[in-house]
Amino acid sequence: MNYSKIEMMIFASPRVKLPALSIAVGAESHQPSGQVKNLGVTLYVNLTMEAHITRVCQVSYFQLKIIRTVHNVLTLVRAFLTSRLDYYNSVLVTIPDTAI
0 MNYSKIEMMI FASPRVKLPA LSIAVGAESH QPSGQVKNLG VTLYVNLTME AHITRVCQVS
60 YFQLKIIRTV HNVLTLVRAF LTSRLDYYNS VLVTIPDTAI
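Mapping the sequence shown onto numbering that gives the first Met the number 0, position 65 (from 1) lands on 64, and the numbers just tick up by one.
Derived from the structure by calculation, the hints contain no laboratory data.
Idealized CB from N, CA, C, for every residue including glycine.
Some hints could be false.
As the list claims (entries may be wrong) - Here are the computed lysine-lysine pairs in the DSS-like style, where the Cα-Cα straight-line distance is at most 30 Å:
(1) K16 - K4
(2) K64 - K36
(3) K16 - K36
As the list claims (entries may be wrong) - Here are the computed distance ranges between Cβ atoms for each label pair:
(4) A23 - F79: 16 to 26 Å
(5) D96 - K36: 23 to 33 Å
(6) F79 - M7: 31 to 41 Å
(7) T81 - S21: 42 to 52 Å
(8) Y43 - S21: 19 to 29 Å
(9) S21 - I66: 43 to 53 Å
(10) T81 - Q30: 20 to 30 Å
(11) Y87 - F10: 14 to 24 Å
(12) S12 - T53: 41 to 51 Å
(13) K36 - S12: 33 to 43 Å
(14) G25 - T68: 22 to 32 Å
(15) D96 - A26: 42 to 52 Å
All chains, full assembly: derive it from the sequences and hints.
Here it is as structure tokens:
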């Protein structure tokens with residue numbers, strides 16, 4: 000296990016003042032973070048998905064620019080977009096329409 004890659008986050012009401020917390024795992028000491036990444040999805044302590052959506056759009060735009068140089072564009076674009084939409088669909092199901 001790579002102890003240096005362990006991330007932790009605490010979800011609580013903004014009105015609750017949490018004490019300083021540190022958890023030791025192996026030889027490493029870990030502090031709560033404002034964001035953690037799990038299976039390619041970045042979770043933020045305030046549970047808004049705006050920064051994650053922005054990042055997905057940036058990566059998608061970059062990958063579409065690369066795909067544009069390939070001759071068989073239509074099939075690749077369709078495969079790319081479908082895979083992205085399918086993967087993130089369940090994550091983004093509860094966010095407000097204004098975030099998208």
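Hint-by-hint comparison with the structure:
no.	hint	verdict
1	K16 - K4	holds (26 Å)
2	K64 - K36	holds (25 Å)
3	K16 - K36	holds (24 Å)
4	A23 - F79: 16 to 26 Å	violated (42 Å)
5	D96 - K36: 23 to 33 Å	holds (25 Å)
6	F79 - M7: 31 to 41 Å	holds (33 Å)
7	T81 - S21: 42 to 52 Å	holds (43 Å)
8	Y43 - S21: 19 to 29 Å	holds (21 Å)
9	S21 - I66: 43 to 53 Å	holds (45 Å)
10	T81 - Q30: 20 to 30 Å	violated (39 Å)
11	Y87 - F10: 14 to 24 Å	holds (21 Å)
12	S12 - T53: 41 to 51 Å	violated (26 Å)
13	K36 - S12: 33 to 43 Å	violated (24 Å)
14	G25 - T68: 22 to 32 Å	violated (45 Å)
15	D96 - A26: 42 to 52 Å	holds (46 Å)
Violated hints, listed in ascending order, are 4, 10, 12, 13 and 14; each of the other numbered hints is respected by the structure.
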